[in-house]
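In order, the protein sequences belong to chains B and W.
All letters in the first sequence, in the order written, are residues 1 to 512 by my numbering.
All letters in the second sequence, in the order written, are residues 1 to 305 by my numbering.
Simulated from the structure, these hints should not be mistaken for lab results.
Some hints here could point you the wrong way.
Once the Cα atoms are required to be at most 25 Å apart in a straight line, the calculated PhoX-like pairs of lysine-lysine come out as [stated by the list, open to error]:
{"hint": "1", "chain 1": "B", "residue 1": "401", "chain 2": "B", "residue 2": "213"}
{"hint": "2", "chain 1": "B", "residue 1": "52", "chain 2": "W", "residue 2": "220"}
{"hint": "3", "chain 1": "W", "residue 1": "84", "chain 2": "B", "residue 2": "198"}
{"hint": "4", "chain 1": "B", "residue 1": "182", "chain 2": "W", "residue 2": "122"}
{"hint": "5", "chain 1": "B", "residue 1": "29", "chain 2": "B", "residue 2": "226"}
{"hint": "6", "chain 1": "W", "residue 1": "122", "chain 2": "B", "residue 2": "124"}
{"hint": "7", "chain 1": "B", "residue 1": "198", "chain 2": "B", "residue 2": "30"}
{"hint": "8", "chain 1": "B", "residue 1": "263", "chain 2": "B", "residue 2": "29"}
{"hint": "9", "chain 1": "B", "residue 1": "512", "chain 2": "B", "residue 2": "30"}
{"hint": "10", "chain 1": "B", "residue 1": "52", "chain 2": "B", "residue 2": "130"}
{"hint": "11", "chain 1": "B", "residue 1": "107", "chain 2": "B", "residue 2": "52"}
{"hint": "12", "chain 1": "W", "residue 1": "220", "chain 2": "W", "residue 2": "84"}
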Amino acid sequence: MKIKTPIIKSVLMILMFALAAVQPVSAGKKDDTMVIAFVREILNLDYMHTTKREYIMLSDLIDETLFHVDETTFEIKPNLAISYNYSDDKTIDVVLRQDVTFHDGSKMTADDVYYTYQYVIEDKANKPHKTTVRWLESVEKTGPYSVRFRLKTTYPLALRDMARRIRIRQNGIYGTTGNYDKNNQAATLNGLGPYKVKSFDPGKELILERFDKYFEGPKGKSAIAKIKIRSIPDLGTQQAELMTGNIDWIYNVPMDVAQSMGKTGRAVHLEGPSMRIGFIPLDAGGYSGEGNPLTKVNVRRAIIHAIDRENIITNLVGGTSKVIDSACHPIQFGCTDDVRKYEYNLEKAKALIADAGYPDGFKLDLWAYREQQVSEAIASDLTKAGIKVNLRYSKLSALNKARRARQIPAYFGTWASGGTADVAAIANVHWSIDSDRNLSGDPKVTELMLGAENTKDPGERKELYSKGLQLIADQAYWVPLYAFTANYLTSKDLSFPIPLDGLPRLYKTSWK
Amino acid sequence: MLRYFIRRGFMALLVALTVSIAAFVLLNVAVDPAMAIAGEDADLLLVEQIREQYGFDRPIFIQYFDWLFRIMRGDFGESYYWNKPVGELILSHAPVTLQLALMAIFVTVIISIPLATLAALKQNSLIDRFALSTAVSAQAIPNFWLGLIMIIMFSVTWQIFPVSGDDSFVHFILPSFVLGASSVPAVMRLTRNGLLDVMTSDYIRTARSKGFGGLRLLFKHAMRNALLPVVSVLAVQLGQKLGGSVITESVFAINGLGRLALESILGGDIPTVQMLVFVFALTFVIMTLVADLLNAWLDPRLRLG
Chain B
1 MKIKTPIIKS VLMILMFALA AVQPVSAGKK DDTMVIAFVR EILNLDYMHT
51 TKREYIMLSD LIDETLFHVD ETTFEIKPNL AISYNYSDDK TIDVVLRQDV
101 TFHDGSKMTA DDVYYTYQYV IEDKANKPHK TTVRWLESVE KTGPYSVRFR
151 LKTTYPLALR DMARRIRIRQ NGIYGTTGNY DKNNQAATLN GLGPYKVKSF
201 DPGKELILER FDKYFEGPKG KSAIAKIKIR SIPDLGTQQA ELMTGNIDWI
251 YNVPMDVAQS MGKTGRAVHL EGPSMRIGFI PLDAGGYSGE GNPLTKVNVR
301 RAIIHAIDRE NIITNLVGGT SKVIDSACHP IQFGCTDDVR KYEYNLEKAK
351 ALIADAGYPD GFKLDLWAYR EQQVSEAIAS DLTKAGIKVN LRYSKLSALN
401 KARRARQIPA YFGTWASGGT ADVAAIANVH WSIDSDRNLS GDPKVTELML
451 GAENTKDPGE RKELYSKGLQ LIADQAYWVP LYAFTANYLT SKDLSFPIPL
501 DGLPRLYKTS WK
Chain W
1 MLRYFIRRGF MALLVALTVS IAAFVLLNVA VDPAMAIAGE DADLLLVEQI
51 REQYGFDRPI FIQYFDWLFR IMRGDFGESY YWNKPVGELI LSHAPVTLQL
101 ALMAIFVTVI ISIPLATLAA LKQNSLIDRF ALSTAVSAQA IPNFWLGLIM
151 IIMFSVTWQI FPVSGDDSFV HFILPSFVLG ASSVPAVMRL TRNGLLDVMT
201 SDYIRTARSK GFGGLRLLFK HAMRNALLPV VSVLAVQLGQ KLGGSVITES
251 VFAINGLGRL ALESILGGDI PTVQMLVFVF ALTFVIMTLV ADLLNAWLDP
301 RLRLG
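With these hints in hand, go ahead and build the complete structure from the sequences.
Right under this line is the structure:
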C-alpha cells in the first residue's frame, strides 16, 4: 500500500496545477471586450480580395469607403467623401474629408484614393473587382483632396459599389504597377475604420481595438473598446462558450437552436430580417435537355402551385420569414410584388401538368446544397403533384460544377445580395445572358433586368425592373420561395441593433 | 536485429511511397487544381493561364515526380488558400496536435492500465464487468458526442475547464480525455489479457512459492511482461492520434493539424491537403515501424519471422 500515497499526491498536484492555470477569458462588459465567434476562419484581413460575409463584417470594422450605406434608410451618404457631384452621366467629382487618419497615423489624401482605384482597375482579373471594372473607366486626382471618376457607361449603382466594395488603401501599399503584392495587407492591415488590428493569428483569433483618431463620420464612434473574433467551427461549442459567458455574439444560428438557447436565460435570442431569399430557377431554356418538361410554361406554373410555401415557413423556417412572389427581396429598390401570384393549389398543379402532356407526371432532378429539410419538403410537395423528384443534395462546389456544365434542370438557390437593398445586386448575377444561373433562355428578361443598370433615372429603373419581374413571374422562370430570417444569440449585457438588411454592423454594438 | 530493421524499414518505405502516389493521384484526379486556384466562376482563360503557369498541363507522373523531388528537398509547396508555404503551415500547427496526442495517450494509459489491472486481478467480478463495459462504451461513443457531453458537464454546468481553444495546458484536458478515451478499449483489453496470461504462468507460480505476493509481485514481476505488447500498441495509437484528431480539434476549436486539414479540404487547397495526407500516413507508417521494432526487440522470436 506504500505506493498509493505518492500516486495520489501526484494526481492531486496535477489537478491543482491544472485548475490554478485556468485563465479567465478576457470577455464581456467588465473588460469592455466583445468576443464574437465565426464558424468560418478569418485567414486574410484584406476585404479587397475576398467576398465572404464574415469579411464584410470585419472590413466594416477596420476599413472605410468613400460612401456609406445608411443602416436604416439604405440611402448612400458621403463617408470619406465630404461631397460629390455628377458633372455628367459618366463623370463623378468627389471632394474628400481632410480629417481622416490611417491607423498608422498618416493622413488620408487624394493620392490614397487615386492609388486604391487605380489598383482595382489594373487588378481587373481579381474576382471581387470585376463588378467595379465593369463600369469604372478611370480615376484621376484633381487636387490634394479631390478625385474624378470617369464611368464607361451610365451606371446608377456606382456610388453603391464604391460604398460596399472598394475599401481605401494607403498610397503604394500593394507596390507599384506590374509588381503588386496583393497579400501585403493580408496579415497586418493599415485601415481607416473605427477599429484597428491589435493582433491576428490567422484561422484562430483576431483582436481589434477602438481607433481613437477615427473621424466624425456617419458610422459614429464605437462604444466598445475591444473586439475579439474567434474561429470556432462547431456551433455546439459556440453555444457552450456563449452560455459560459466567454462569447458575446454569434450569428447564423438555426431557428430551433436559437429559440432553445434563448429560453435558458443565459443568452438572448434576437431575430431579424435577412436580405437572403430562397428560390428555384427552372430550366425553361432547355439547357439540361432540349424539350424537357420544364420548357413548358404550364409545367413551371404547376411547380409553383404545388409547393406549399406557407406551410414550409410555418413548420420549418419560422421567425420573420415571409413568402415572396417576386424574384427579389421585398426591401430592395425596384422590387415589386405586383406580379402574377401562384397560390398553393395541388389540384390545379396536377391539372396543369396533365394539360402540358404529362398525365402520369415526369422525372425531375432537383439539386440543393443547403436547407436540406426545406428541400425535402419541396420534393415531397412536388411528388404529391405527380412529379417524381430525385433530390440531389450535394456540396455547393458540385452544384456549381454541374450548373456550369448546364446539367441542372432545377436547383434550390439562395442569394443575399451582399446586403445591398437594390434589385441590381441580384439581377446581374442571375439574369445576364451569359450567366449559367440564367436558365430562362429569354433575352427579353436580360434586356429588362440589366437595362435598369444603364439609366440613372430612379423612375425608369423601377419601371424596367417591374416589367422584368412581371415577365419572370408570368413565365414562371423562378419559383420564388421565401425571404430568410436571421437569428442571432448575444450575451445578456450586449446591445446589438438588429440590421434590417441582415448585415450585422458590429461597430454599432454597445453594453447595456 | 539489423537485418530485421532493414527489412521492416524497406517495407515502410514502400508503403510511404504507395501512399504518396495515392495522395497525389487521387487529389489531382478528383479536383482540377487550376480551377481550385482560380476559384468558382473564374474565366476559362484564367484557368488555362494558371494551368500553364503551375505546370498542371504536364503528364501526371511528371507532376508527381516533380512534387516528390521537391518534398525531398524540403519544399512542400505553397498554399494558395492560406497564402503561406505548406511546410510553414504544418510546422506551426504540429506542436498543438503533438501536445494533444501525447496528452491523449497519457489519458489512455492512466485509465486503461489501472482498470485492466483491477479487472485481471478480480477476474469475472463486478469490477471486471465494469471494466469490460467501460471498454465497449468507450469504443461505441463517437468523439464529437463525447466532446459535447464533456463540454456541457465540465465547462457549462460546473465551469471547471474552458470550453474551447488551445491557449494553455488546461485547454487540452477535455480534448485529450475525449481523444484518449477512444484508445482505452484496445489498451485495456490487451493489458487485461496479458496480465491474465502472465499471472497463470510458471514463473509467477514460482515467485509465489518463494513468498512473493501482493503489489510487489504484480508490479515487479507480472506487469513488466504483461505490458510489453502494450507499449507497441501505444506507439501505433500515438500515430493514430496525430493524424486522427480532426473531429476533436473541430469540437474544441483547437488550431492543430486536424483542423488545418479540415479547413484546407473545405477550401479546396490541394497542396496543403496533399501534404497533410502524406504527413499523416508517414507518421502512421513510422509509428508502426517503431512498434514493430519494439516488439522485435522485446520478443526475439519475431525477428525470425
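Subject >> Violations among the numbered hints >> reply: 1, 2, 4, 6, 11, 12
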